[in-house]
Amino acid sequence: MSEHSSYTPGNAVEKWLDDRLPVVRFAKEHLMDFPTPKNLNYWWTFGAILVMCLGVQIVTGVILAMHYTPNVGLAFDSVEHIRRDVNGGRIIQAVHAVGASMFFVALYIHMFRGLFYGSYKAPREIIWILGVLIFILTVATAFMGYILPWGQMSFWGATVISNIFSAIPVVGENIKQLVLGGFAVGNPTLNRFFSLHYLLPFVIAAIVGLHIWALHVPGNNNPIGVEVKESRDTVPFHPYYTMKDLFAMVVFMIPFAWFVFFAPDILGHPDNYIMANSQVTPAHIVPEWYLLPFYTILRAIDFNVLFIDSKLGGVIAMGGALVMLLIVPWLDTSKVRSGSFRPLFKWFYWLFVINFVALTYLGAQPAEAPYTHLAKLCTAYYFLYFLVILPVLSRIETPKPLPTSISESVLGKAHA
1 MSEHSSYTPG
11 NAVEKWLDDR
21 LPVVRFAKEH
31 LMDFPTPKNL
41 NYWWTFGAIL
51 VMCLGVQIVT
61 GVILAMHYTP
71 NVGLAFDSVE
81 HIRRDVNGGR
91 IIQAVHAVGA
101 SMFFVALYIH
111 MFRGLFYGSY
121 KAPREIIWIL
131 GVLIFILTVA
141 TAFMGYILPW
151 GQMSFWGATV
161 ISNIFSAIPV
171 VGENIKQLVL
181 GGFAVGNPTL
191 NRFFSLHYLL
201 PFVIAAIVGL
211 HIWALHVPGN
221 NNPIGVEVKE
231 SRDTVPFHPY
241 YTMKDLFAMV
251 VFMIPFAWFV
261 FFAPDILGHP
271 DNYIMANSQV
281 TPAHIVPEWY
291 LLPFYTILRA
301 IDFNVLFIDS
311 KLGGVIAMGG
321 ALVMLLIVPW
331 LDTSKVRSGS
341 FRPLFKWFYW
351 LFVINFVALT
361 YLGAQPAEAP
371 YTHLAKLCTA
381 YYFLYFLVIL
391 PVLSRIETPK
401 PLPTSISESV
411 LGKAHA
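Just so we're aligned, residue 1 is where the sequence shown starts under full-length UniProt numbering, counting upward by one.
Because the hints were derived from the structure by calculation, they are not lab data.
These numbers were taken from a predicted model, which means no experiment stands behind them.
Please note that the accuracy of each hint is not assured.
[What the hints assert, rightly or not] EDC-like cross-link-like pairs, simulated, lysine to aspartate or glutamate; straight-line CA separation at most 20 Å:
1) LYS335 <-> ASP271
2) LYS244 <-> ASP265
3) LYS244 <-> ASP33
4) LYS38 <-> GLU408
5) LYS311 <-> GLU408
6) LYS335 <-> ASP265
7) LYS311 <-> GLU227
8) LYS376 <-> ASP265
9) LYS400 <-> GLU173
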């Protein structure tokens, strides 16, 4: 117990609990009273929105698992049974399916905010790495969840993506058979994907706990990227940011609810409403939209490089795209955190955002010209941004002068 604590138990029960398990004290000191920069904008609310999304996915997922049957003969019908016969099943299934897309919308916004404001720079590298780890696990969880309805896209998506493993030299085929539980996608695949899809969200929740803990060591970054210097630069997290986060959550729930109530199936692929058939290949095998940028990078490498064949090259490129995110704190060595004060960086950053959207679009297009050429171009810019542009900008760019403190920047705006 800290000597200068702001918490005093309000009654005998709270006092009794505080002596034995000081959870209320912990919440008061480390969550509610946490000194938070006073200039955080609405882009900072997506962390709280993501915690909400994860909670929604776990609750709806656990309920769906009570009625779902992980068997190739029954899975497709069990999802239809949930949607048609289970009390409230239609809305629970819709919230879960739409929730996956909304989760990724918030996740991508959260990551791009971090990339713009330099939230990955010292001393926050661990926060960023844990965040990228959460992203990778979320991608894996979402992919496995997409297999469970056992529609055409589920089956063929699993077939195409599991073939990634066979591209790995020597051990690839063995890994693929281990993942699939056989030589091809079948009942063992569905069973293990269901098991892992249920397990991983709890692993993600644990890493989110570490992510928040790591955040509370150096404290929040902020839009000007200048560290907190005195107490007047901050406000307590509660009620200022609890209210701001709550308001943002409600606003976020409006489009979420629109999709759930008016267009729950619009984000899914029509072919996934056809039961899986190993004898009929869909015309275009397309993953869910949130996996498309990395699917584009995987497909963009359709040529051999030295001793690496195109298939392995694609896998290395896709893995490399994720590794770029992990090592970005050491690629961007600029002393200025916030993109607001980096005039050259801004142009390349927004080009990177447009490029990422283009990668998403191209992933849903057939593998033919001109899409394949554009995919190569966009993939090249993705890697150039991290490996060339950020390191070079760090050396040649002249940033704008920074405010001396958060308070000065806030007051400056007020007087402007």
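Hint by hint, here is what the structure shows:
The straight-line distance between the Cα atoms of LYS335 and ASP271 is roughly 50 Å, outside the 20 Å bound, and the hint therefore fails. At most 20 Å may separate the alpha-carbon atoms for a hinted pair to count; LYS244 and ASP265 exceed this at roughly 31 Å. As the CA atoms of LYS244 and ASP33 are separated by approximately 15 Å, the hinted pair is consistent with the 20 Å bound. The straight-line distance between the Cα atoms of LYS38 and GLU408 is roughly 11 Å, inside the 20 Å bound, and the hint therefore holds.
Pair hint LYS311 plus GLU408 does not hold up; C-alpha atoms about 54 Å apart against a cutoff of 20 Å. As the CA atoms of LYS335 and ASP265 are separated by approximately 46 Å, the hinted pair breaks the 20 Å bound. Of the supplied pair hints, the one linking LYS311 and GLU227 is violated, its CA atoms being roughly 46 Å apart against a limit of 20 Å. A threshold of 20 Å between alpha carbons decides the hint, and for LYS376 with ASP265 the separation of about 31 Å lies outside it, so the pair is violated.
About 53 Å separates the Cα atoms of LYS400 and GLU173, which puts this hinted pair outside 20 Å; it is violated.
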